[in-house]
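Residue numbers (my numbering), protein chains in the order written: chain A, 279 to 675; chain B, -14 to 266.
Since the hints were made in silico from the structure, they are not lab data. Each residue gets a CB set at the ideal place from its N, CA and C atoms; glycine is no exception. It cannot be assumed that every hint is accurate.
Unchecked claim - In silico lysine to aspartate or glutamate, EDC-like type, Cα no more than 20 Å apart, as pairs:
no.	chain 1	residue 1	chain 2	residue 2
1	A	Lys664	A	Asp644
2	B	Lys106	A	Asp435
3	A	Lys486	B	Glu172
4	A	Lys428	B	Glu54
5	A	Lys428	B	Asp160
6	B	Lys153	A	Asp491
7	A	Lys574	B	Asp185
8	B	Lys125	A	Asp409
9	A	Lys432	B	Glu172
10	A	Lys405	B	Asp185
11	A	Lys670	A	Asp435
12	B	Lys174	A	Asp435
13	B	Lys79	A	Asp409
14	A	Lys486	B	Glu177
To be verified - Between beta-carbon pairs, the in silico distance windows are:
no.	chain 1	residue 1	chain 2	residue 2	range
15	A	Glu558	B	Glu173	32 to 38 Å
16	B	Lys231	A	Asn580	49 to 55 Å
17	B	Asp185	A	Lys557	42 to 48 Å
18	B	Met(-14)	A	Leu323	41 to 47 Å
19	A	Lys361	B	Lys203	37 to 43 Å
20	A	Asn585	B	Asn167	25 to 31 Å
21	A	Asp576	B	Asn167	23 to 29 Å
22	B	Asp160	A	Asn462	57 to 63 Å
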Amino acid sequence: MRRIELLSPAGDLERLKYAIMYGADAVYIGGKQYSLRSMASNFTLQDIKEGCLFAHERNAKVYVTCNMVMHESDIHDLLKYLKDLEACGVDGIIASSVTILSLVKKETKMEAHVSTQQSISNSNGIKFLKDTLNIDRVVLARECSLDNIKEICKNTDTDIEVFIEGAMCASISGRCMLSNVLTNRDANRGGCAQPCRWNYDIYEEENKVSPGDTDFSMASKDLSAIKYIPDLIDAGVASLKIEGRMKSLHYVATIVNAYRRCIDDYYKNGKIDSFDSYKENLKRGENREISIGFFKGDVTKNEVIYNHGVSTASHDFVGIIDSFDEKTGLAIMEQRNVLVGNRDIEILSPHMAPYKVSIKDIYDEDDNVLESARHPGSKVKFYVEKGIVLHKYDLVR
Amino acid sequence: MRFLVAIYSLNTLINCKDFIESAVLMTPNYSQVYENDFDLNKAIEFSKENAIEPIISINRIFMENELDEIKSFIFKYQKYSFLVSDLGVIEIFKELNLMDHVIYDSSTMVCNSLDLSYYSKLGLSATSMSNEIPIQDVIKGYNDTKADIMYQVFGRKLMFYSKRRLVKCYEDYRDIKLNRNNLFIKEEKREEHMPIIENDNGYFVYRSYFVSLLDEMKSLSFLKYAYFESLTLKDEELYQVLKAYKENNGDLLGKLNLDIKDGFAYLDTIHVKEKIINEKN
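Excised from the complex, chain A in its bound form (with noise of 0.2 Å):
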């Protein structure tokens, strides 16, 4: 049976090669055309090669999102960029213009997905883009429940890509004009501005009958499908897609991190007996208010967010570990946010379960006790007890 696809989002070619570090079996990525997440750094044309080299030597793959809904200004050289993205190395384009899909699959050997953008909710609609396309794989519309999912799989020989992690769009992908009209920011071409995440009052006429102040919300919880791994894999889902290519290094990893273990520990042992640690572990990564979405069928009031509070991951990410000396026990971290000695802190390493390690003083490139590192990309020296092994590009949080 083919192992299902870890697929990670990355938005810069470092969070792409951490991706994959942490256990991602491929990524997907924006280029500087045609590409949703308009504010994510998306990648050069000489990025995604050595992004795709990078993948290619970990037996990882690499998709290209080109699902922006053009209008006619936006098409320009649309062959030469898919031929140019081939050259790469790129596996895969996701997209949601049949004009795009089509060009992939005529012009060249990559792979075509269907984005979500497509709303594509039944077996007929693959049949459909199968048919006409030949497309490779579908990514399903996030309005589909588990036993939604489960049918459609049955029913299609196409591959399946099932979105597991991350922020919800409340209406229906593709389908949303609410950024266009209120700001002119066109959703479908990047430019989302989230109305659905204003606060809103409810008017009968002219009478406000909503009874709070501006509490409705159109606003959905992030989606966290992490006990349902194990359905979607024997389910024969070929995808487990986590969003977020405007998400941080650390989120990356971290949420990359519990996946893969989970995954890696259904197969190994045909059965999860708690998911409990997975959650905990996920909530490092940012800690948003989650929900299963639509998993169980129709969303209700625990799927929607009513208090938008400001919401902080659990733990602070501090830095990478650039180099370890065994004998010694001395690390050194490039430092990514402010770190104060005498404390413990937790490591993040590729296909393990975080630890803590307790350290005492650190001290700058020359030596010096700090009372704390405040000064982002500098490097940051401290010790750990005899016995624990640390590795280059650990993270420290």
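Since chain A is already given, all that's left is putting chain B on it; use the hints.
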């Protein structure tokens, strides 16, 4: 060009029949928005008696477990045309060799001549171009493809379609019951009242104003179907709107005192990143 009017009640069809050439009949269960007591068979009969082309709307998104039911429904009414939004439903028409009975309306997804060309080559009755593109793009779409196009020329425009029943969720959250008629939402920093509709098929938000392209009708004469959305209009208002369009009479439309704008007819939306870059330059 045929005037294609969204019909939610038989009375509207009766009251406005003088100017309706094709009627989108909004079916309970299968349309995005509908009235529960709408009698589809009566509406079809009335349409036929009055030389109106009945087009049955099945324009919502369907789940796997609903395919058999919608297939039976299509089979039952197969001699008529349908308004369809779900590619899975189009597959049913393909299997039945009835592609020319389909108007494909994905509402937002067909925004350029290349995609329009693809759909038009499937042998569909018509393809709807997005409401959110400049009118010059619609014209280019036709000029490049000669496709049969449906395009909304009047009425409230849908801007949000969710499968989530957000009013019900809010009622449960607040432990209240709201009267579901004539509801609007208002964003805390804006004055617009945007009509909302919620039913078993989901939650829908429309623009606060009516879009009218009366002045552009000459340049849109190539349309196969000029679509009129009748939501929130009284029958007498819809009658006057259709009359105004038929007679190209802006004064008649003006007398209705509706909040009318031209939407995205002359305004393209922006990509944020590109706008920021341009401003910096």
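Going down the list of hints, with the structure as the test:
1. Lys664/A <-> Asp644/A: violated, 23 Å
2. Lys106/B <-> Asp435/A: Roughly 26 Å separates the two Cα atoms, so the pair is violated.
3. Lys486/A <-> Glu172/B: holds, 12 Å
4. Lys428/A <-> Glu54/B: holds, 19 Å
5. Lys428/A <-> Asp160/B: The hint is violated at about 34 Å.
6. Lys153/B <-> Asp491/A: holds, 18 Å
7. Lys574/A <-> Asp185/B: holds, 17 Å
8. Lys125/B <-> Asp409/A: violated, 28 Å
9. Lys432/A <-> Glu172/B: violated, 43 Å
10. Lys405/A <-> Asp185/B: Violated - the C-alpha atoms of Asp185/B and Lys405/A are around 27 Å apart, more than 20 Å.
11. Lys670/A <-> Asp435/A: Since the Cα atoms of Lys670/A and Asp435/A sit roughly 41 Å apart, the hinted pair is violated (cutoff 20 Å).
12. Lys174/B <-> Asp435/A: violated, 49 Å
13. Lys79/B <-> Asp409/A: Roughly 11 Å between the alpha carbons, so the hint for Lys79/B and Asp409/A holds.
14. Lys486/A <-> Glu177/B: This hinted pair holds, its Cα atoms lying about 13 Å apart.
15. Glu558/A <-> Glu173/B: 32 to 38 Å: Between Glu558/A and Glu173/B, where Cβ atoms are some 36 Å apart, the hint holds.
16. Lys231/B <-> Asn580/A: 49 to 55 Å: holds, 51 Å
17. Asp185/B <-> Lys557/A: 42 to 48 Å: violated, 33 Å
18. Met(-14)/B <-> Leu323/A: 41 to 47 Å: The hinted range 41 to 47 Å holds for Met(-14)/B and Leu323/A, with Cβ atoms some 46 Å apart.
19. Lys361/A <-> Lys203/B: 37 to 43 Å: holds, 42 Å
20. Asn585/A <-> Asn167/B: 25 to 31 Å: holds, 28 Å
21. Asp576/A <-> Asn167/B: 23 to 29 Å: holds, 25 Å
22. Asp160/B <-> Asn462/A: 57 to 63 Å: Cβ of Asp160/B to Cβ of Asn462/A: about 38 Å, so the range 57 to 63 Å is violated.
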